[in-house]
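With the hints as your guide, set chain B onto chain A.
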Amino acid sequence: MPEALQFRNVTKNFHPREGMRTTASWRDRLSTWFEKSPAFTALDHVSFAVDQGEALGIIGHNGAGKSTVLKLLSRITAPTAGEILIRGSLSALVELGSGFHPELTGRENIYLNGSQFGMTRKEIARKLSSIVEFSGIGSFLDVPVKRYSSGMYLRLSFAIAAHLEPDTLLLDEVLAVGDFAFQRKCLARIDELKRSKKTILFISHDLAAVERLCDRVLLLSHGRILRQGRPREVILEYQQSNLIASAPPVFSGPLSRTVQCTGFSYRSTCRKDSNHVHTGDSMTVTVEFFAQETVSGLVINVYLYWPNGYLCTHLSTGAEGFNAEKGPGYVEFHCPVVNLVPGLFLVDVAIERTPEIMDWRHRCSYLRVDQGEKAVIGDMYLPHSWSCRRGQRQESSADCIASNSSAGAL
Amino acid sequence: MSASIQIIRPPSFSLRALRDDLVRLIRYRDFLYTLTLHRIHVRYRQSALGYAWAVIQPVMLVSIYTLVFNHFTKIATGKTPYVIFAFSALVPWLYFSNGLSLATNGIVSNPSLVLRVHFPREILPLSYITAALVDFAIGGCVLGGAMAFYQIPLHGAVVWVLPIMILATIFLTGVALLCSTVHVKYRDVGLAMPFVLQVWLFATPVLYPLQSVPSKLRPYYELNPMAAVVDGFRSAVVLGVTPDLRLLGIAFLMSAAILVLSYALFRRFENTFADYI
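Chains as they are written, first to last, in my numbering: chain A, 198 to 607; chain B, 409 to 685.
Chain A extracted, bound-state conformation (with noise of 0.2 Å):
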């Protein structure tokens, strides 16, 4: 099948100096007008294809240089050296309602939205009363878009470029925002797009969308492409790569507070081999705190974050909390089963005395799920086991042909 686009050993040098020139002293100017300045790279000899009616994934941190490809698939600037093939029409689906003039009325920035994107104003007018029932925005549609709220103007930009016919279609983090029937119709778009064979181009740091999403996955690190492959595989790479790349969570510093973090750790206590926690596992979470005097009723919660910042779930000692002596203690959670599915979750550890709250660290590290003997999808794994009968279901019980017992160690 041929190539739907090809980056072929595409660089980008960005020189962060320009466009600052209004603070620059006229002898730096004149330095910089002699001298090039040393140019950022944001993509460096990149190469990859992507085949017709394929779904690929772009990951990486902030900086690899995903918005770099898009923004140079999507034209909106040029590659420094190398070249870019692109089969047949492409369209961006990038960071919406970008192309919306306030003071126009919604069925104006239709049109003005639709004709940016090249479709004839004949094409616009046709699909009008679609895209406006798309929308859903209704009675709303003659009245200036700045009176919108910023849901309907989500709905209506991402109606217009839904009703686009591109060969290939990039997307950026629009799964990310709007509320859930809106990301349900878009989900719903998406895949009939798939379904049609057209070629997508995801850039995502909604780890999950990409994995439900492509069928191969290219992981971007300083502007190189780092590993390409299965979705799943790489990433969990990602992961990976992310945990060494982060900071190691820092609890030391001066104790200022009455009580203090002063560490979180986490151990699989089903396995013997290594300390990683997977799925279906048991699981201890460790909070370490210092208490500068004698404290009761206090409070200690663990938030779990999904990488796109939404909160997973948490652990928690209760709203009546404990009492905690003076000098350095810990708290120990103790989960049977870890329902969490495969991935990376950020943590924020949080102690509490209600109404005050003595330590809230943000994001101070991670816990990393492994995936366990079953592959699991979704949001969470829910334990279970299965049987297989013969005959009609009754409620005695038939023969048994097969079973399996996962409750325990899946």
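Bear in mind the hints are in silico, worked out from the structure with no lab data behind them.
Worth double-checking, as some hints may not be accurate.
[As the list claims (entries may be wrong)] One-sided excerpt, in silico: chain B residues whose CB lies under 7 Å from chain A:
| no. | residue |
| --- | --- |
| 1 | Ile413 |
| 2 | Ile416 |
| 3 | Arg417 |
| 4 | Pro419 |
| 5 | Ser422 |
| 6 | Phe439 |
| 7 | Thr442 |
| 8 | Thr444 |
| 9 | His446 |
| 10 | Leu655 |
| 11 | Gly657 |
| 12 | Ala682 |
| 13 | Asp683 |
[Claimed, not checked] Some but not every residue of chain A turned toward chain B, in silico, with C-beta under 7 Å:
| no. | residue |
| --- | --- |
| 14 | Ala278 |
| 15 | Ile281 |
| 16 | Arg284 |
| 17 | Tyr308 |
| 18 | Gln380 |
Since the model is a prediction, treat every value here as computed from it, not as a measurement.
Glycine included, C-beta positions come from ideal geometry on N, C-alpha and C.
Same frame as chain A, now just chain B:
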């Protein structure tokens, strides 16, 4: 499925590519149209007087100039009343000066478009020029009314208005593309613009007749295409005589050359605009 292949390469300066650029521009004509409508709508939206501003601006200007150059001092304009004399030149001049000052800012004042959507960037300055053309048409109607009021008849020479305005548009587009390109990186252009336009106004026979220019200075006037435009427009509309064709010819050659070069320059830097805005 269309199997057209696009190849994105680092930008380079090329005159030969201009034909492809024009084809691309024509593909996007609907966007230019939408954007022009948008400019016109937005300009007067939430203003109490609305579209009346398109009339008020030239009328106020011509009143002041008439007061100064007809009552305080006297400029000889033959049989033509000074109001009509000045107004007939101000209408094409305002098209040029308003179009140029808005189009120069065209790229910089639309970061949301430049940073997020791909389209031929020349559409941004062009949309201001086409919008200025609408203001020109309104000004032209007011001029027609004023001429009817002073009972100045139109002559056959008025057909020259069309080629003269095409010339004005070619020149304006060329200068605007050049200025908006440079303005992205060096905002000095925008800062100097009001001052330059002021000087340019007095260097162009808008408020005085071309004939009153000392002959020593006349050759320099030939280097100013706007002199040919303004003088030609006034000749064709008010005086009813065929404009100075030599002057127009020189102006046309210069304008065409400027347009081709500025367009190529614009296209060379177009894809780096997003890096500088």
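Exercise. Hints the structure violates: just list their numbers, smallest first.
Key: When the structure is compared with the hints, numbers 5, 8, 10, 11 and 18 turn out to be violated.
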